[in-house]
Amino acid sequence: MRGVVVFYGDLSDNYVMDMNRCPTCGDRFEELGTHFRYHGDHRPELSDRQRGIIDYLILRGATVRRETANSRLEVYSTSEAWIRDVSDTLGWVAGDPWVQQSASDVADRSSRRYNTDVAVSDCSDLWAFTTVPHPSLDYEGPTGVDHLEHPTLRLLVATVGAWVGLLFGSLHLDVRAWDVSGDHLRGLLSKRGVTTAEYDGEGYAEDSPTCRYHHDDDVVVVPHYDALELLDSVGLSLSEVAEPITFQN
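In UniProt numbering, the protein residues as written are 1 to 249.
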């Protein structure tokens with residue numbers, strides 16, 4: 001995984017929406033979700049960009065909460081920059097980020113759990129934001145994402161895509177740390193006409209010049225020429241998924 005994916009830049013229309021301002025009446029509220037609860041007609045539909053990012057977050061592992069009539073999402077990360085980038089880009093549908101658990105709390109908790117002295121410097125703050133409740137957020141986990149919009153696919157490839165091999169390598173989408181399974185992702189890619197390779201035999205798969213297999217089902221392999229077409233379709237270059245290897249004496 002290469003660095004932080006910048007949502008604002010990746011999907012840019014160079015406009016970040018005001019989180020606390022109702023997009024219908026224009027008034028500002030401390031909690032926009034409360035305003036929508038009493039003025040449901042003020043709650044707009046999600047834009048294509050918002051939907052694309054939310055689908056990405058669901059595939060990644062966002063939590064769906066159903067305490068009220070409409071579901072909301074909880075999103076967590078140890079990266080403040082990432083959390084703020086996502087919430088800023090989502091605009092009115094996202095709440096303000098906050099520290100859900102401080103590094104000192106994490107250290108104290110870990111010290112008690114493992115009966116050892118865990119230093120605060122070895123821990124990170126856990127950041128979070130929640131969305132406002134919305135009828136469009138009633139996902140049943142990653143399987144609730146039934147197709148890949150362009151923004152979702154671009155973010156996914158930019159985050160987990162890695163080029164394996166040299167001149168005729170293939171693209172590996174490693175979702176082992178995500179909630180979405182490799183099988184479901186293959187199905188989503190198939191709906192977009194993207195070919196994936198999977199070894200179904202016994203023993204070791206024999207690599208071809210344009211395809212490097214992977215032993216784990218949650219690493220989705222896109223063969224060379226299909227991978228190049230996929231990268232081109234989402235506006236990414238080979239250099240953005242291939243890390244140069246340097247050797248130092």
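These are calculated hints, taken from the structure and not from any lab test. Built from N, CA and C at the ideal position, the CB exists for glycine as well. Among these hints, one or two may not hold up.
Cut-off 20 Å, straight-line C-alpha distance, at most; resulting in silico cross-link-like pairs (SDA-like, lysine to any residue) [claimed, not checked]:
no., residue 1, residue 2
1, LYS191, GLU149
2, LYS191, TYR76
3, LYS191, HIS134
4, LYS191, HIS147
5, LYS191, THR130
6, LYS191, ALA128
7, LYS191, VAL234
8, LYS191, GLU229
9, LYS191, THR143
10, LYS191, GLY141
11, LYS191, VAL164
12, LYS191, THR116
13, LYS191, ARG51
14, LYS191, PHE168
15, LYS191, PRO223
16, LYS191, ASP218
17, LYS191, GLY169
18, LYS191, SER239
19, LYS191, ALA177
The following label-pair restraints were derived from C-beta to C-beta distances [what the hints assert, rightly or not]:
no., residue 1, residue 2, range
20, ASP108, LEU238, 18 to 28 Å
21, TYR114, ASP232, 27 to 37 Å
22, ARG66, ASP217, 26 to 36 Å
23, TYR225, ARG113, 23 to 33 Å
24, GLU229, ASP108, 28 to 38 Å
25, ARG176, ARG109, 38 to 48 Å
26, ASP146, ASP217, 32 to 42 Å
27, GLN101, GLU140, 25 to 35 Å
28, ASP179, ALA81, 15 to 25 Å
Exercise. Taken at face value, is the distance from the CA of SER239 to the CA of LYS191 at most 20 Å?
Worked result: Violated, at about 26 Å.
Exercise. Under the criterion that the straight-line Cα-Cα distance not exceed 20 Å, is the pair LYS191, HIS147 satisfied?
Worked result: Holds, at roughly 7 Å.
Problem set entry | Range hint 32 to 42 Å (beta carbons of ASP146 and ASP217) holds or violated | violated, 20 Å
For this session: Would you mind confirming whether the straight-line C-alpha gap from LYS191 to ALA177 stays at or under 20 Å?
Result: It is violated: about 23 Å lies between the C-alpha atoms, which goes past 20 Å.
Problem set entry | 15 to 25 Å as the expected CB spacing between ALA81 and ASP179, which holds or is violated | Distance hint for ASP179, ALA81 holds at roughly 22 Å.
Exercise. Given the proposed pairing of LYS191 with ARG51, does the C-alpha separation stay at or below 20 Å?
Worked result: Holds, because 18 Å separates the two Cα atoms, which is no more than 20 Å.
For this session: Take a quick look at whether LYS191 and GLY141 sit within 20 Å of each other, Cα to Cα.
Result: Status holds; Cα separation ~19 Å.
Problem set entry | LYS191 paired with ASP218 [C-alpha distance capped at 20 Å] | The given pair, whose Cα atoms are some 18 Å apart, holds under the 20 Å limit.
Exercise. Is LYS191 close enough to PHE168, meaning Cα to Cα at most 20 Å?
Worked result: Distance of about 25 Å is beyond 20 Å: violated.
Problem set entry | Satisfaction of hint between GLU149 and LYS191, Cα-Cα up to 20 Å | holds, 11 Å
Problem set entry | Agreement of LYS191 and VAL234 with the hint, judged by alpha carbon distance not exceeding 20 Å | holds, 15 Å
For this session: Measure nothing beyond the straight line between the CA atoms of LYS191 and THR116; if it is 20 Å or shorter, mark the hint as holding.
Result: Violated, because 50 Å separates the two Cα atoms, which is more than 20 Å.
The structure shown violates the earlier hints numbered 2, 3, 5, 6, 11, 12, 14, 17, 18, 19, 20, 21, 23, 24, 25, 26.
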